[in-house]
Every structure is written in C-alpha cells, then in structure tokens.
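> Listed below, chain by chain, are the residues.
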Amino acid sequence: MAKILEGPAMKLFNKWGIPVPNYVVIMDANRLAQLGEANKWLRESKLVVKAHEAIGGRFKLGLVKLGLNLEQALEAAQEMIGREIGTSVIRQVIVAEMLDHDEEYYVSIAGNRDGAELLLSNKGGVDIEDNWETVKRLFIPLDENPTIERITEIAHEAGFSGEVAERVAKIASRLILCFDNEDAQSIEINPLVIRKSDMRFAALDAVMNVDWDARFRHADWDFKPVSEIGRSYTEAEQQIMDIDARIKGSVKLVEVPGGDIALLTAGGGASVFYSDAVVARGGTIANYAEYSGDPPDWAVEALTETICRLPNIKHIIVGGAIANFTDVKATFSGIINGFRESKSKGYLENVKIWVRRGGPNENQGLAAIKKLQEEGFDIHVYDRSMPMTDIVDLALNS
Amino acid sequence: MSILANKETRAVIIGGVAGLNAARRMAQFDFLINRPLTVQAFVYPPEEGQQKEIYRGGELNNVTVYSSLEQALEENPQINTALIYIGSSRAYQSAKEALDAKGIKLVSMITEGVPEKDAKRLRKYALETGKIFNGPSSIGILSAGECRLGVIGGEYKNLKLCNLYRAGSFGVITKSGGLSNEAMWLCAQNGNGVTTAVAIGGDSYPGTDFVTYLEMFEKDPETKAVVIVGEVGGTLEEEAADWLGAEVRRIKVIAAIGGTCQEVLPQGMKFGHAGAKEGKKGLGSARSKMNALRDAGAIVPDTFGGLSKAIKQVYQELLASGVIKPEPELDEKLLPALPPSVQEVMKQGEVIVEPLIRTTISDDRGEEPRYVGYAASELCEKGYGIEDVIGLLWNKKLPSKEESEIIKRIIMISADHGPAVSGAFGSIIAACAGIDLPQAVSAGMTMIGPRFGGAVTNAGKYFKYGVKEYPNDISGFLSWMKQNVGPVPGIGHRVKSLKNPDKRVKYLVDYVKNQTTLHTPCLDYALEVEKITTAKKDNLILNVDGTIGCILVDLDFPEYSLNGFFVLARTIGMIGHWIDQNNQNSRLIRLYDYLINYAVKEEREVPLKK
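Those protein sequence lines, which keep their order, are chains G and R. Residue 1484 in our numbering sits at position 282 of the first sequence; the count goes up by one each step and never skips. Residue 472 in our numbering sits at position 490 of the second sequence; the count goes up by one each step and never skips.
Derived by calculation from the structure, the hints in this document are not laboratory data. Owing to the predicted nature of the structure, the values given are computational and were not obtained by experimental measurement. Where a beta carbon is used, it is the ideal one built from N, C-alpha and C, also for glycine. Heads up, a few of these hints could be off.
Unchecked claim - Covered stretches of chain R, going by a simulated chain G footprint (3 or more residues, C-beta under 8 Å):
{"id": "1", "stretch": "102 to 111"}
{"id": "2", "stretch": "132 to 145"}
What the hints assert, rightly or not - Derived list of chain R stretches under chain G, where covered just means 3 residues or more per stretch with a C-beta under 8 Å from a C-beta of chain G:
{"id": "3", "stretch": "85 to 99"}
{"id": "4", "stretch": "206 to 215"}
Let's have the full structure, built from the sequences with the hints guiding it.
This is the structure:
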C-alpha cells in the first residue's frame, strides 16, 4: 500500500486523460512569481494553495488556502513553506487553479479480491459522507473493462443525465484504465467538478494509493510513497525504512509518542499480538517494530539501537514466536550488540528488558542474551515454554 | 490423515538458493518420518543442468535443476506440487505455468512483495482450473507424519518438539508464518499435535482463505478441531465465521485474532503484513472479527496468550467424549537423530580424520593471517618489510636488518631485464594477443628454466657442493662437474665478459663483501672458480644467477628455494610489461615471414589414403 501525493496523482491522471486543473508544485515561493510570468492561468484564475505533504487535517491546520490571486498565493506559499507541524516540516506546496464550478461530484474506485468497484455520486464534496446513500456502485471483475454504455447506465442511476452523464461515464472509464494500468489500489476523486458554461470538468482533489510492490513494472514512477499515518515519517523511521529496502528479510518501525513500553518483536504476525497484549493489559506502546525473514544481524542491531533511544521507555519487549528460519543466535547477536552500544551511550537506564523466543539455534541465542545480566542489564529471559505474550504480563506486573 | 500434503506429495521447487535451503529442510523431515524425498526437481534457468546435493539423513541425493517446468515435469511425471521461491517480478509467470501444468494440483508461493493484481489473477486462475494456489508470502504447509512443504516447522529439533513425526487431531490455519509454527507448538503442548498446518500468507489478497481449508478439514476425519490465527484487515475471518455459523460443523474452531491494539493506535498504522490494515469505519477490525467468530460458535480468547488454555480445553473435551484416545507417550529416543557433520563430530572428539595436507608456515583460521605465528598487521606495525615476509614464508626465519637489505637488493636487481629476454617477451606477446594479466604473466613465467633465469637454484646447489666436497680443490670440483653435470650453472654469459663485466654482479659482490658482515664461503668459492674459468675463456664469468644463488646459500636459504627469488623478482617486471602493452593498446604481433626460414618440403599432392 502506498499513498501518493496529489502532484504525482495529477500527473498520472493527465497521462490517462482524466481532466485536472492546472497546477504547479513548488519548493520555493519565489519560483511562483516566475511561473506566474510564464503561465496565464496563474495570473488570471483564482488559486488554491495547499501544503504538499502527508499531513492529515490540512484544512484545520490552515494548510489549505482558497480563492487567492497570484500575489496572495505567493504570500500563502511563503507562509506555509518551512512551517513545522509536529515532527514534520512543510517543504512543498501545490498551487492549483481553483476552477469556478457549478456542481461537485464524487467518483472513486477501489480494488477488492475479485476485481474492483467503481463508485459514483452526483452529490460530491465535503458532504459526501452524509449523502452516502446516493452513491451507486459498479463491480468490475478482474481483467474486464465495463462498456461505456454500462458505466453510463450507472451514471444515470447515480442521478446524472444528458451530456453530463456521458461525460462523467467517459471520465470514469478513463479512471478505470488508470486504476488498472497503474497498479492502483484505490483512487478517490472528490470533488470532480463541472463548469457548465464550457462543460469543463476537473478533478479538484484526489487521493490515490498505488501498489508499491508493482513498482518494478512502472519505469515512470518518479515519486516515493508518503506516510500513511497522518504525519510524515520521523528520522528514525526513515532510517529503518532505508535499511529495510537494502536487506534480505525486513525491519520495520513506527514510533508512537507517549508510550512507555517499547517493542522489539519478531515476525509480522507475532508483533501484532505483542502490541495487542500491551494494550489489553492497559499499557501503552512506545512503538511498533518488527524484524523477520532472517535479516542480517547489523540491521537488527540498528533497529535495537533506534528502539533504545525512544524517550521515557520503561520496558523493552524482545518477543517472538518460534521462528521457522530466522536464526535466533544471529539476530540476537545484533540485539545484544545494540543493547551494549546503547548502554555505553547512557541509554537503558532503569529499563527492564523481557525476552521470549524460539527457533533455529534458540539455545545459543537465549544463553548469549541471558549473559547480559552479568553486565548489569535488567534483563529477563524465557524460552519457548513461556507462552508467547506472557512476558508482557510479567513486565506490566513488575 | 491430512489435507493438501501427504505421503504421495512430490514437489518441484521453482527458484534459486532460497528454494535449495527449503529443499534441505524438507529432506530433514523426510528423514524424520522415513519417507522418500519430497523435492524431486528444481526449476531455475541460471543453474540449468546442475545437480543439487540434498541429504536425507546420511543419504546423499542429487536433485536436478531444469531450465523449464515443462522439462522438469516431462522427466519427473510423479510431481504433483509446485513451490514458488522465485523473485516477486517473476513469481506470477512461474505460478501461472505451474497452475497450467497437468499433473500439478497444488501451488504454494513463499515469495513476498508480489503485486496485488498478480495475486488476484492467480487466485482467480486457480479457482477456474480447480487447483489450489496457496500464498503469496506463505511459509508453507506441513502434514504431521506425512509431508513438509517449505521451511514451516523450523529446525529439526523443533519438528520433534512439536510432535510433527505423527498426526494429532488439530488443524492449523494462519496468515503469519511464524505463528503457524507457534500454533503447532501450542497444539503439541496442550493437545496431541496437528494433522496439517497451513499458512495462507499475510498479503491483502491471498490465493486461498480460511474457508478453503476449513472445508477440507471438515472432510478430514482425523482433524477434530482447527486453530486459526487471523489478524486485522480484510474479511477472511468474517467469512470463516459465516462458514462456521452456516450449519452444524463437525470440527471445533479456536481462533486468535491480532490487531485489537489498532483501536488505540494512529489511524492507517501499518503492521508487518501487507493485509493487516483496517478498512474504513472499522471494517475488518480485529474486534469485529472476534465478535463474528464468537457469535458463530468459535472459541476466541481475548489475547494470543489465551490460546493455550483454549486448545487444552478442547483437547480435554475431545478426550472426555471419546472422540479421540490419549496418545501413547512416544519415547523420543526412537526418533532418528540427524546425522552430524564431520565438523560437529570432530568438535566432540569422537572421530579422527587424517588431514589431507599439512602446513608449517601460515595460518588463516584467526582474525588475520599469521606467518609462522606472527600476525601480518603486527609485522607491518613494527616496521618489518616484504623481505621479512619472504624470510618467514620461505625459510621460517626473520632475517636480520643486514640480511633484509641483501634480499631487497637481489629482488631490485632482478626485477626486469628489458623486453627482449624470453620471459618479458613471452608476456608481451600474450599481452598483445589480448590475454589477461595472470595468464600473460604466467606465459612469461613458463620461460624460466635452464636457459633463462632458472639457474639460480642449480648454481647455489653446486657451488655449495663444491665448498663442501672440494674446499681447496677448484680443479677437482670442475672436473667433477664436467663428468657429472656439464657446464657449471652460474658461470658464463652470452654477451658479458671479463672486459665487459656485468654491472649487477659487480655491485652485488661489492655490496655483500664490503658493506655487510655476512660470512660468504659460497660466494668466495664461486669467485675462485671464476678465476679459473675466465682464464680458459673470457666470457666464462660468474653471472648474475650464480652470484645470487651463492649469496642466498650464504644467507642460509634452502637450495631448492633459490629460483623463487628470480620468479618473484621477475614477476614485477612481467606485470610491468603487461601493463605497459595495455596502456599502449598494442596490436597483435605475428612474425614477418622474412624472419622465418621456411625449411620445408616443396608443394606436393596429397596421396590417396591407403
């Protein structure tokens, strides 16, 4: 799953003939003045300026400014670029033509197990949630394209008529092409607007997710996926992602500020159950982390050090199921090195460490990590006979 | 009994090194339960025609790598299962081919990061062809006592600990691979073990789902209960609940669902599995899945930790109702132990192996090489040089400063002698023919012999002999040589003579005799010999080979090592010539015919063959 920003989404829409407003993405407000000299629409249209970052609730944060002229847009861009929102900094803004329009529609498409589903409504815009019953659906089986007649029929059911219905159906059919050919997972255009005087349509706002695993067959994907957690990635998360991209196996990290129980857990499945166990017992997690697929020890070491640096943690849960092929001895040697390094840098003060693990070379791995007790670590080590998530109970009861 | 994989299962693995590792793990299971090898062929075009070594216990099997599935199946028609271990960009094509193959009924894919569309197409295709496509991202399938597909079950020790050598009464279906192993362990600890465990993979659109396998388990009389481990995202667990609630089912269902923590975590939070993602408005949340399954009659503990108790409870009920009988305790000692490798047994001191070779000079087993015990870096650190390394590796002694200086000079003086001599010329011809450095240099090296550069050893050897046997009798020595050897090695030169002495010889003799304190009986002896031979003929001087040979004997190097100094020194020159020719991008050389005397027969007709 990979959410992409509006700019790259617009580019893909353009490629597939879905009408978009004129837009530019800038990193330096002064560039806008020069673009204004080159582009008539920037001088003559009303403009909208939006922070081009993965930040949720941009409107409330004042990161969307509407109905501006070029001068006002320049000001708005200057104001936004460089602003810090939580852990993220706004580096880019998108300046788009704010098309005067008569009506707002809703078009979306989302994949499912058997294909995809197209959703249409003539009551788009901010109130779509309230008008959800007006949405009409068309199931599109895998590798089949509905006829334009069929889409037009759905458009009629959704309350469109005449030429508008035909044009909406045409746009929807192109959206289906775009969805299918770009390995998209979902595309939501809200609103799709129309200016009836010249029958001009434009996708004013769009959210698009593409299948990042399919990037090997899309040479023109020049963008990177953005964070889906309502904020941009922290430096630590970014570092772990960079490592993840380079190694066999995987290491993953999401920080959850405010928690005091750090997770250093193995396996995509088990790690979730560890998070659950913490929450179920009334604890708060400081992060979600996972390593799996027998990653190299240095990658696990880097993950360990990152986790040891999380602020205000009281416990670290080094948990995992009985591994199939991840070598416990090798991955634990990375964890042990990470703990030693962190301790020498002054971290892990008053932090209790809880270990439960099984798998290839489990005896050697567990014996090695248990030895940290002799180096003054507050570490508690259990083997497969300890139920998997019970170390969380032990931690919270300690 | 079991589902999906059984004693009749024969598999082909499509993929490279990861597939080979899986095949080896699978063979361990084959050994444990004493069944024939499961993996019968590999398909991996880059390694076409190779044989892969697979040990089933102590028995070595060679399994062939084919370039196409078609070919593998043609030669191994018994194969009915394909395991996909190939990269995500080629996984679709491979799986599609496997689904197309007539004899193959089951395709299981471990590949991660397969595009969703590809997975959806494979699922659809499998449904259309009536086959099973398991995965992507599946750790595999294991039927206790019957068959292991993939690395599911982990290391050999774990196979025993989880009682996988014989069937139990529990089925296991998980999304996660690690948890399939954990669930098998729980079934062995709290119940009587598993019939079959299958991991469907944690992707958004797996090829099969809980219902696919619940239906199979329902039809498998040996399976009395099924443990499913699901997680947030998608609707597969809800569908399992619908299936369970739709009618009275023979099997009991126990379920653990991960992802309740989502309720307090940031929206859109991404977990380890691609599919573990809550939809809009709580669709696919862990809580809704748990509720649905509970409503349908499944036992659903609040946390994973509660699974042990639930399994134990179901097991006790099954025992009490007489549906299953208690499993007699099997003496673990009856199970075969994996044969250890030679290294392991040697570590235990239980076997003696006669070494194949012996070394007395160099040891690479530590963090860095040691030359006769000295660490290379420490030698560098303490100011030793290449002459000292030569002293250690050739003569197991650290030369003194004075000796090092002599060795250094010998190498410097012999490093090159222009392009015309056989060695350099050989390298140059090779370089001009486009031959790479090591081969071109060895072309020059092959020239070193009795007529070029190879006289050092024999010179040293015979002068040493003279010193010993004819100490004060040069003419006795010379007549012995004439009778037994021929011309004295180290004496004589093609161009140099008494009037036109070899500057190198002059310098070396002068340096050794006047600037060092080295005792030089051999060199002195050779100089005496020279006095006699030059009296006979002007050019029978002590040449550079002879000089070097004598000095090296006086330095106490073993006589058979002496040519090594010339070989080493001249290698520097030959490499230089090769680099030089390459820098100039020299063209191929061939001899002009005017440089050849064609002393051949005249043209004539070939007679008819008799």
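> Broken hints, numbered, in rising order?
none
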